[in-house]
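S.K.: Single-letter residue listing:
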Amino acid sequence: NAGVMQNPRHLVRRRGQEARLRCSPMKGHSHVYWYRQLPEEGLKFMVYLQKENIIDESGMPKERFSAEFPKEGPSILRIQQVVRGDSAAYFCASSPEGLVYEQYFGPGTRLTVT
Amino acid sequence: RKEVEQDPGPFNVPEGATVAFNCTYSNSASQSFFWYRQDCRKEPKLLMSVYSSGNEDGRFTAQLNRASQYISLLIRDSKLSDSATYLCVVSPQGGKLIFGQGTELSVKP
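From first to last, the protein sequence lines stand for chains D and L.
All residue numbers for the first sequence refer to the working numbering, where the first residue is 1 and numbers rise by one.
All residue numbers for the second sequence refer to the working numbering, where the first residue is 1001 and numbers rise by one.
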């Protein structure tokens, strides 16, 4: 049973470009969560999604960031017009139906903005 | 005030030592509590859930005091492989996990 998959593992973008981070949850998991870890800081919750629904986006920056989890395909975290401060590790987690606290994390995508 | 606060690290201990980590949380409505482990800023991995009655898993013991909003983790007979950053995690409700800054542990031979 494959774990949570994220790609790309490393992403380099210039300031002003767009970054798209993808997350495929574990098989059978219908809940996806995105967290961000800035250099020298702890993980911070960004957003919680179920298929085609955003459940909690209280941790998402108000501008430039969006997330989706379509009926088919992976969850996408999209960052428009990236700035240096967006450089971080972005982790995705998934959980099975009814067990929202049993979260399994993917290996993360390390975004570097130059 | 941070929502979850942990002892600052790093903790440098010899093999075989007992080490204790402490954590406090600010939201009294928090419902679920965990300790995670993170190696070299890779993905965090669940170490154990924490219950009010206290729970033990081999060399690891976790305690929760809801009245004091305090969580602890005790590691006995520490091994070199225990070297990692230990994250105190609290969840108010609905799946959102709130992570502490982490405490770095380095176990030396």
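Be aware that a few hints might be false.
To be verified - Cut-off 30 Å, straight-line C-alpha distance, at most; resulting in silico cross-link-like pairs (DSS-like, lysine-lysine):
id	chain 1	residue 1	chain 2	residue 2
1	D	K62	L	K1108
2	D	K51	L	K1042
3	L	K1045	D	K44
4	L	K1108	L	K1042
5	L	K1002	D	K27
6	D	K71	L	K1108
7	L	K1002	D	K71
8	L	K1108	D	K27
Unchecked claim - One side of the interface only, derived from the structure: several residues of chain L facing chain D at Cβ under 8 Å:
id	residue
9	S1028
10	A1029
11	S1032
12	K1042
13	P1044
14	N1065
15	P1092
16	F1099
17	G1102
Read the hints as simulated data drawn from the structure, not as lab findings.
Note that the structure is a prediction, hence the values are computed from the model and not measured.
Yeah, the Cβ is synthetic: ideal placement off N, Cα and C, and Gly gets one too.
S.K.: Against each hint, give a clear statement of whether it holds in the structure.
M.R.: To see whether the hints hold, each was checked on the structure:
Straight-line distance between C-alpha atoms of D:K62 and L:K1108 comes to about 45 Å, which puts the hinted pair past the 30 Å bound. As the CA atoms of D:K51 and L:K1042 are separated by approximately 26 Å, the hinted pair is consistent with the 30 Å bound. Restraint check for L:K1045 and D:K44: satisfied, since their Cα atoms lie roughly 15 Å apart, inside the 30 Å limit. Proposed proximity of L:K1108 and L:K1042 is supported: the alpha carbons are some 21 Å apart, at most 30 Å.
The hinted pair formed by L:K1002 and D:K27 fails the criterion: a straight-line CA distance of about 35 Å is larger than 30 Å. Our distance criterion of 30 Å between C-alpha atoms is broken by D:K71 and L:K1108, whose separation comes to about 49 Å. Only pairs whose Cα atoms come within 30 Å are accepted, and L:K1002 paired with D:K71 is rejected, the gap being roughly 36 Å. As the CA atoms of L:K1108 and D:K27 are separated by approximately 39 Å, the hinted pair breaks the 30 Å bound.
Because the beta carbon of L:S1028 sits about 18 Å from the nearest beta carbon in chain D, more than 8 Å, this interface hint is broken. Nearest Cβ of chain D to the Cβ of L:A1029: about 15 Å, over the 8 Å cut. The hint is violated. Contact between L:S1032 and chain D, as hinted, is supported at the beta carbon level, the nearest pair being about 5 Å apart and thus within 8 Å. For L:K1042, the suggested interface contact is upheld, since its CB lies about 7 Å from the closest CB of chain D, less than 8 Å.
Interface restraint check for L:P1044: the shortest CB-CB distance to chain D comes to about 6 Å, inside 8 Å, so the restraint holds. The beta carbon of L:N1065 is not positioned within 8 Å of any beta carbon in chain D (closest approach about 20 Å), and the interface hint is therefore violated. A distance limit of 8 Å between C-beta atoms decides the matter here; for L:P1092 the minimum to chain D is near 10 Å, and the interface restraint is violated. Contact between L:F1099 and chain D, as hinted, is supported at the beta carbon level, the nearest pair being about 4 Å apart and thus within 8 Å.
Interface hint status for L:G1102: upheld, as the beta-carbon distance to the closest one in chain D is roughly 6 Å, under 8 Å.
Taken one by one, the earlier hints fail for this structure at numbers 1, 5, 6, 7, 8, 9, 10, 14, 15, listed in ascending order.
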